[in-house]
Every structure is written in C-alpha cells, then in structure tokens.
Amino acid sequence: MSASRIAGAPRRSRGALGPMLRKPAFTVGGSIVAFLVFVALFGPLLVHADPFSMNIQQRLQAPSIHHWFGTDEFGRDVFTRVVYGSRITLRIGFISVAIGFLGGGLIGLLAGYLGGWVDLALMAFIDLLFAFPAILLALAIIAVMGPGLTNTMIAVGVATAPSFARVIRGSTLEIRERVYVEAARALGAPHWRLLARHIGANIVSPVLVLVTLQFPAALLSAAALGFIGLGAQPPQPEWGAMLVSARNYLQRAPWMVNAPGFAIMLTVLGFNLIGNALRDVMDPTQRGA
Amino acid sequence: MEVLIPGDPVEMMTLGRSVDVQTKTALRHELGLDQPVPIRYLHYLEGLTRFDLGTSVRTRQPVTREIAARYPNTLKLAAGSLVVAIVFGVLTGVLSATYKDTIVDFAVSVLATLALSMPSFWLGLLLIFQFGVRWPILPVMGAGSLASLVLPSLTLGLILAAAISRMVRSSLLDVLRLDYVRTAHAKGLNAARVLWRHGVVNALIPVITVTGLQMGFLLGGAFVVEVVFAYPGIGQLAVKSIQYRDFPVVQGVTLIVAFTTVAVNVLVDVLYALANPQIRFS
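Respectively, the protein sequence lines represent chains E and B. Sequential numbering from 1 applies to the first sequence in this note's numbering. Sequential numbering from 290 applies to the second sequence in this note's numbering.
Quick caveat, the hints were computed from the structure, so don't treat them as lab data. All of these numbers come straight from a predicted model, not from anything done at the bench. Note that CB positions come from ideal geometry on N, CA and C, so glycine has one too. Among these hints, one or two may not hold up.
Among the chain B residues that face chain E by a calculated CB cut under 7 Å, a handful are [stated by the list, open to error]:
1) Leu-414
2) Val-546
3) Thr-549
Chain E is nowhere near these chain B residues, computed Cβ spacing over 12 Å in every case [to be verified]:
4) Tyr-330
5) Asp-341
6) Ala-473
7) Leu-478
Computed beta-carbon distance windows for the label pairs [as the list claims (entries may be wrong)]:
8) E/Val-118 with B/Asn-565: 30 to 38 Å
9) B/Lys-389 with E/Gly-188: 48 to 56 Å
10) E/Gly-116 with B/Val-555: 42 to 50 Å
11) B/Ala-475 with E/Ala-121: 34 to 42 Å
12) B/Thr-498 with E/Ala-62: 42 to 50 Å
13) E/Ala-186 with B/Val-372: 53 to 61 Å
14) B/Val-470 with E/Ala-121: 41 to 49 Å
15) B/Ala-396 with E/Phe-262: 42 to 50 Å
Using the sequences and the hints given, assemble the complete structure.
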C-alpha cells in the first residue's frame, strides 16, 4: 500500500487479461467468437455459392459433398446461407447493444450524476420499461414500427437500454460520492471532466461485463423475432428466419433445422462464456456458481 | 402506464388493401378512427374502466373476448414450464452441489451452459422432430389435451431449469456450510435427511426470488414457443395481430402482460415472506 495513492481511488484494472486467460471458459468462448468473426469477415470470400441463388432441381437435397448442410426448399445452399448469416448476426449484436448502451447509458449517467427529480423521473420511466420482458418490449416496438431487420436492431437495442441505465446509474451514484471525485470537484473540474475522467473511467468494468452479457441476449431476441416472422424478412439468410421454413419442411428435410440453430447456439455460447469469465474476474463479489 | 400503450392505430388502415375511399371512411367511422387522438385515447381509457379493450380489426370480435379465449392457455403453458423448470432445476442443482467438483457437477454445468445458450424455438423444433416426426408419440400442435402441453412446457421449462439449477447449486453450497447443518450431522441424523430437510429447504428461499424475476422470461419465452407449436395463447395472438396490424389486440395483450408481470411480482413477494420466517409484513 503506497501512501502516494489517494485513499479510496481504485487501482487501474491493468493486467486483467492474465487472470482471464487462465479461465478455460474464456479461452473456449474466445476461440468460438474468434472463429465466428473470421467466418463473418472471410467466409463469403471462401464459399463459392450465392446465398440467394435458387435452383429448383436442387431443392430439399440432403447434406452431401456438394451441399455440406443440404439445400432448402428453393434449392439454396444452406451452408452458404449460414456463412452469410454470421454477418447479419454480428451486425445485429453490435448495433443493438450499441443502441442500448448509448441510450441507456446516457439516461443512467444523467440520473446518477444529477440525482434529485431528474433521477426520480428517469428511473420511474426505466422501471416502467422493466415491467415488460425484453422480448415483449421489442415486440411492442416492432408493432409500432413494422417488421424488418433494421427495426429489429432498434427494437432489441431499446429493449436492452433499461439494464444499461440501471447498472450505469448505480455505479455512477456510488462513484460520485467517492472522496477523489469530491476532491476533483473541489479543484474546480468541470462537469464533463468529472463525468468522463473520474466517473466514466471507473464504471468501465461493470459496463464491459454487461455489454458481453447483453450481446448474446440481444442475439437470441433478434433471432426469435426473425423466427416469428417479425425480424429479418426472407430471403435474408438470417439464422432465425431460416428456421421458419425449416419448421415447415421438418418431415421432408430435417437437416434444415440443424445448421442455423446450431450456429445461433454456438454464437450465444461463445459470448456467454466470455461474459461469465469477465464477470468472475472483474467483479469478485458477484462470482457465479 | 397507459401513455405507452396506444401505438398508432391509423397505420393499420393504410395497409395496402384495395378498398375504395367510401368504404374506408365508413370503416374509420365505425372504428372511431376519424376522431382526434386525444378523444380516442379518452375513449380507450373510459373503455378500460368497463373492461372494454376495443374491437379487433381483424376478427371484429371484442378484444377482451379474443384475449379471454387464449389467456388461460398461456397461463397453463407458463405453469407447465414452471413445473418442468423447478423439478429439473432443483434436482440437477442438488445433484451438482452434492457431487461438487466431480464429473457429475461438471456435466450438469456444461448442460446448463448449453441450455442457456440455446434459442427456445430451436429446442422446440428439435423436440418436435424427435417426438413428433421420428418417434411420433406426442402432439406437436395446438392445445387441448394435457399431452399437447408436454413439448411446449419442456421447451420453455428446460431453459429456465438451467438457470434455476445454477442458483440452487450455489445457494445450497452456501447453506451446507452453515453451523446448523453441522449440528444436524453431529446429532447423527442421516445424511439424506440433513440434505433435504436442513439444506435444500433453506437453500430454496433465495431461489424463489430469482425464479420470480424469471417470470418475465417465461412470459416472453411463451410468445415464441407458442408460435413454434401453433399453440393458441396470447403470444401467438399478439404475433398474428402485429402481422395484421390489428392494434387494438396488440394493445390489449401488452396491457394484460404488463398486468400479469406486476401481479406475479407481488405474488412472489408474498411467497417469499411465507417461505422465509425472517420476513414479516408489519
């Protein structure tokens, strides 16, 4: 314990990667996600088929050397479509979590920093949104804005915003009262500096944990919306939407169910594992079972 | 709360139907859509006091009737899933806590992690394929018999079971470390009795709260699972209504779901107080 550190000021969480790498969950999750990112970036360059090209003579073919995962009811190659689908999935995850983080984060930061009636009003609104399960909130938004991929990202993003608002408000409230923030304020630091340098920098770890845990949740919601026909619309090779036709051909072409569903599970699993490992390392008080 | 609920009912009228202007105007008038929004909103609120949620645009039936016909089905599905979730969740949780750090514990944890990453609709499709196509012993569509409830309940319940299993495990491990458990062992009670009577019963108290929080997941999940199994609940109704721009029904379902969530939360609080003698309402 060195005397030069201001009492109560948290140590910079440097070197969090070391303990992370010792966690098998992180290694496995990280490998899955790395593989996924690779597929999304380079996959479409490596597969030759067109995810949209139809070929009625080739419809409902079982998996073979030509069609690794078989073909669908229009004779499209399922493997190619799954590969292209990875791009859609990752885009959905990034954009919707970004929307939730920015929107919810701003609300949470304002509520926590300003306090008083602003806090009361904003949090009453957030509590109201919490009365709805996330997927229903997303459904309600889709109901107003109409189905589609873009609206799905917005709807899922808005549905994740309440969690961000709550976590960021809680952390902000806690850190705002710390001695070093008071010291900075006493020294005349402007609001933006307090928010960015002293509060923002110190709520990074809970936010990072939340981001990695909301990411897979957002993917599941978006895929579910695609599946019930309100998210990505055909012919887009979105994994959830691909399962709609798989359902109708369950008897004649059961292979259509496997690949897209497995792809969703693998992706969600990868991010979940990373999120759990991050939570264990960064927040020892909430250590999971 | 009602501020959120009215969406944009005008939109549904503009949906590309080839209807002449006169019919449209007549229809608008009939549905009260030619009146300004605040007036319509007041009408809606006034209707609420009489349990009147308006009329479905698609079926021309009162929204309350549409919902009342399906709401019990959704409750049945939720109840069935909850039973599945608790039975599987508690059993596997106790199992992995008892055999902590063994292959059993590891297997349960891997299964739980996989289940939590699984999209419910995919699990549903796999179950349909297994028990409806390959080995046709269970109905895969609709509602009515108890058997038709099995697959949808399993789909939703197994995923929730994974979450419950983890909580039971960690909560039970905490409880088993406590003094009274050691005392019970020292008294010479047999191990199974100590585990269940002193351990599990007390470990379940925090689990009740967290399970209560998962009721939202259950309701939301029911929406998707109902579509998978063509199960006539309010979720399927809502999805169909959104596709047909049947806003009065969407509003009605949203209202009823919000109401249910709040009611369940209150119920969970009461249950928690009943289960935990340390809490008394003053």
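To see whether the hints hold, each was checked on the structure:
With a cut of 7 Å, the hint placing B/Leu-414 at the interface with chain E holds, because the nearest CB-to-CB distance is about 5 Å. Using the Cβ-Cβ criterion of 7 Å, the hint placing B/Val-546 at the interface with chain E is satisfied: the shortest such distance is roughly 6 Å. Given the 7 Å rule on beta carbons, the hint for B/Thr-549 is violated: about 10 Å separates it from the nearest Cβ of chain E. Even its closest Cβ contact with chain E, about 15 Å, leaves B/Tyr-330 beyond 12 Å, as expected for a residue assigned away from the interface.
Separation of B/Asp-341 from chain E is adequate, the least Cβ-Cβ distance of about 21 Å exceeding the 12 Å criterion. Look at B/Ala-473: its CB is around 23 Å from the nearest CB on chain E, clear of 12 Å, so calling it non-interface holds up. At the 12 Å boundary, the C-beta of B/Leu-478 stays outside the reach of chain E, the nearest C-beta of that chain being 26 Å off. Against the hinted window of 30 to 38 Å, the Cβ-Cβ separation of E/Val-118 and B/Asn-565 comes to about 36 Å, which satisfies the hint.
In this structure the supplied range 48 to 56 Å holds for B/Lys-389 paired with E/Gly-188, their Cβ-Cβ distance being about 55 Å. Distance hint check: the CB atoms of E/Gly-116 and B/Val-555 are about 29 Å apart, inconsistent with the given range 42 to 50 Å. In this structure the hint that B/Ala-475 and E/Ala-121 lie 34 to 42 Å apart at CB is violated, the actual value being about 56 Å. Our hint of 42 to 50 Å for B/Thr-498 and E/Ala-62 holds, since their Cβ atoms are close to 49 Å apart.
One distance hint, 53 to 61 Å for the beta-carbon pair E/Ala-186 and B/Val-372, holds here, with the actual separation near 59 Å. Take B/Val-470 and E/Ala-121: their Cβ atoms lie about 47 Å apart, and the range 41 to 49 Å holds. Distance hint for B/Ala-396 and E/Phe-262: a CB-CB separation of about 20 Å, inconsistent with the stated range 42 to 50 Å.
Hint compliance for this structure: hints 3, 10, 11, 15 are not met, and every other hint is.
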